[in-house]
Amino acid sequence: MSRARAPGTFGAAWLVARKDLAIEFRTRTAFFSALVFAVLALCIFYFAWDESIIAPAQRAPGVLWVVLAFSALLGLQRSFSIEEHDRGIDALLVSPISRESIYLGKAIGNLLFLCAIQLITIPALALFYNLPIGRPLMVVTAIVLLAMIGIVAVGTLFSAMAVNTRLAELLLPMLSLPFFVPILMNAAQATTRVLGDRPLAESWPWLKILIAFDLVFVVACTLAFPFTLEE
Amino acid sequence: MTSAPASASARTVLSSGLTAPKPIFDWFFALAGLSVLAVAVRAIYFTPMEALQGAAQKIYYIHVPSALGAYIAVGITALTSVVYLWLHDERADRLAEASAEVALVFITVVLTTGPIWAHKIWGAWWVWWDMRLTFTLFLWFIVAAYLVLRDGIEDPAMRGRYGAVLAILGALLIPFIHLSVYLFSARLHPMPVVLKPDKPSLPPEMLTTFLLAFVAFTLLCFALIRARYRIAVQRDLVTAFEGDGGSR
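Sequence lines, in order, name chains A and B. Just so you know, the first sequence maps onto residues 1 to 231 in our numbering. Just so you know, the second sequence maps onto residues 232 to 479 in our numbering.
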């Protein structure tokens, strides 16, 4: 085994992520469908409430997090299903990189993919819901990044598991959404406060749980991933 | 699947000494069923009415013990999942599967009886600010996902590993849901302390009924897990023998 020539865990992870992003950049199908879904959902949710009862700016946090969770699911679904064509996953498994790097690479690829979608969704939200553009929106973007790390950590693992079941993509929401609950709950609460121009200290308890979630599940899912591959 | 690994798994099943099919009469299950029935009779006819809540309080003799049963079953699933990933013992996996299914039943009972009581006492079928109710609901979703995941996988070894991974991650998730719901509800309402029966100050008859109900439902929980475990053994035997005959 030529371990000496193989890249390290993070170097290999970056190679895997770059491969996934290159495929996505050349086909662009998943990106556009997830993006259009997100923006479309923003518009549809606008009409779900009576404008005169709840001001658009007040429902923006809730809408943002619902749309974000479901567009994330769309992006995560294809993470491992693209490896099913021609059994690309086998090629990854025989390559001289650790299984943890495959997971981290997939997760980094998914994170960048989803962040790219959010970079358009958040301004679209501000546009459609008349949010003030400025510091609060920057803080919200930071919260979104924090939440995305947790969503991607569990979502990538479950995506790897779901493709090997009879139900395939249908199973991903059922597995992932219970794990998204603490993320969405805390992120939405923090977002409401930030957009309401409350001091950041008020959001801190929610953000602490979010950070703890990220730490625990990035480590736990990285350790659990090798068990989801064929031995 | 070729017959070679299948006959190997047949040997594993046979070597674990669980081949003799003997569930003609499940005495343990009968005992558990009778004790639950006895507790129900005691709770309805021989336990005094609670002064403030009236008959609605009696639902507690099902609701709280069921929650206990659910937590026992969920705990067994989490523990046996760790054991399975560690030792790769098929018995641990069967036990995890059996207790997860029993857990779903008990949680369903908790989630059905809870709103009935809440409707009478709190005036609303569902209150999101009650931490335990919300928390139990999400527990139901996790257990349901666990069972659907297992159902979608044919290969026993993969089913075991995937199930174990989800169960362990689910156990890690529980404190986060608990904390989130707590933070969420602390902001809205004080915890419902007034109408909660304070257990040490219960009248002795009620306390006895409560304790008996705990015993009966724990028995029922273990009896159901045992019965479900036997079904899993039978299924694995059938799969193994089918593999031996080369039909798969």
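A couple of the hints might just be wrong.
To be verified - Examples of chain A residues lying across from chain B (beta carbon under 10 Å, computed):
| # | residue |
| --- | --- |
| 1 | ARG166 |
| 2 | PHE179 |
| 3 | MET185 |
| 4 | ALA212 |
| 5 | PHE227 |
These are calculated hints, taken from the structure and not from any lab test. For every residue, glycine included, the Cβ atom is placed at its ideal position computed from N, Cα and C.
For this session: Run the structure past the numbered hints and jot down the numbers of the failing ones, going up.
Result: Violated: none.
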